[in-house]
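J.: Chain by chain, the residues:
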Amino acid sequence: AQTVTQSQPEMSVQEAETVTLSCTYDTSENNYYLFWYKQPPSRQMILVIRQEAYKQQNATENRFSVNFQKAAKSFSLKISDSQLGDTAMYFCAFGGQGGSEKLVFGKGTKLTVNP
Amino acid sequence: EPEVTQTPSHQVTQMGQEVILRCVPISNHLYFYWYRQILGQKVEFLVSFYNNEISEKSEIFDDQFSVERPDGSNFTLKIRSTKLEDSAMYFCASSAYRGNQPQHFGDGTRLSIL
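Chains as they are written, first to last, in the numbering used here: chain U, 622 to 736; chain F, 2 to 115.
No lab work stands behind these hints: they were computed from the structure.
There may be inaccurate statements among the hints.
DSS-like, lysine-lysine: derived pairs with alpha carbons at most 27 Å apart [as the list claims (entries may be wrong)]: (1) U:K676 to U:K694; (2) U:K691 to F:K43; (3) F:K43 to U:K699; (4) F:K43 to U:K694.
Pairwise CB distance ranges, derived in the manner of DEER restraints [to be verified]: (5) F:G73 to U:S701: 37 to 45 Å; (6) F:L40 to U:N683: 28 to 36 Å; (7) U:N688 to F:Q65: 36 to 44 Å; (8) U:E636 to F:G17: 47 to 55 Å; (9) F:Q65 to U:A637: 47 to 55 Å; (10) U:T733 to F:E86: 25 to 33 Å; (11) F:L40 to U:T639: 25 to 33 Å; (12) U:F685 to F:Q65: 36 to 44 Å; (13) F:R81 to U:K676: 41 to 49 Å; (14) F:M16 to U:P661: 28 to 36 Å; (15) F:G73 to U:D647: 38 to 46 Å.
As the structure is a prediction and not an experimental result, all values here were calculated from the model.
Here a beta-carbon is modelled for each residue, glycine too, at the ideal position from N, C-alpha and C.
Hey, can you work out the whole structure from these sequences and the hints?
T.: In structure tokens form, the structure reads like this:
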């Protein structure tokens, strides 16, 4: 069974600075997807970024980028030029391709951006 | 941009009552999911649904739960006899393709059991 671990329950960063959120996972599959979802206080679940495991190039979406290390089973999220609106819970999620469609989530990291 | 919509946003129900949570997935999506998030905990998978049948379910999804796509647009989660521990945020999600093309989530329904 897949597991996803986020070792940082809470983090804070000053506005305009850069912050990195950690995520590790465990799987025996070779092809899969990894995701970061953002959950602001309004409690929506918003897709931030997605990485396909077969792609070596790290995904980038505006100020958000990932550092995907497949051998180490590590998938960190870097937020550049942090904004107050980035304050949220961030969940790392694993999606397999071996028949199961479910997403397996980590416990989340609560990020606070301070003015 | 198309969205997954969920109603109601908040549902308060007496223990033992039946509750139906409603979702309208994105219109061209074929795969549908329910997840729940107990307050302060991580998001947990409940069930996936494709081609009018359940394709996968978790151990949480016991006989008290059922899902249905009664027409071409709605996707519902029914809890037959609610328990206090069913209090949670319930998220509906949909995706266009198999293989975890991104799952797009609705805003959730907060279910409170009294």
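J.: Evaluate each hint against the coordinates.
T.: Status of each hint after checking the structure:
no. : hint                        : verdict
1   : U:K676 to U:K694            : 14 Å, holds
2   : U:K691 to F:K43             : 24 Å, holds
3   : F:K43 to U:K699             : 21 Å, holds
4   : F:K43 to U:K694             : 20 Å, holds
5   : F:G73 to U:S701: 37 to 45 Å : 43 Å, holds
6   : F:L40 to U:N683: 28 to 36 Å : 31 Å, holds
7   : U:N688 to F:Q65: 36 to 44 Å : 42 Å, holds
8   : U:E636 to F:G17: 47 to 55 Å : 49 Å, holds
9   : F:Q65 to U:A637: 47 to 55 Å : 49 Å, holds
10  : U:T733 to F:E86: 25 to 33 Å : 30 Å, holds
11  : F:L40 to U:T639: 25 to 33 Å : 31 Å, holds
12  : U:F685 to F:Q65: 36 to 44 Å : 39 Å, holds
13  : F:R81 to U:K676: 41 to 49 Å : 44 Å, holds
14  : F:M16 to U:P661: 28 to 36 Å : 31 Å, holds
15  : F:G73 to U:D647: 38 to 46 Å : 39 Å, holds
Of the hints listed earlier, there is not a single one the structure fails to meet.
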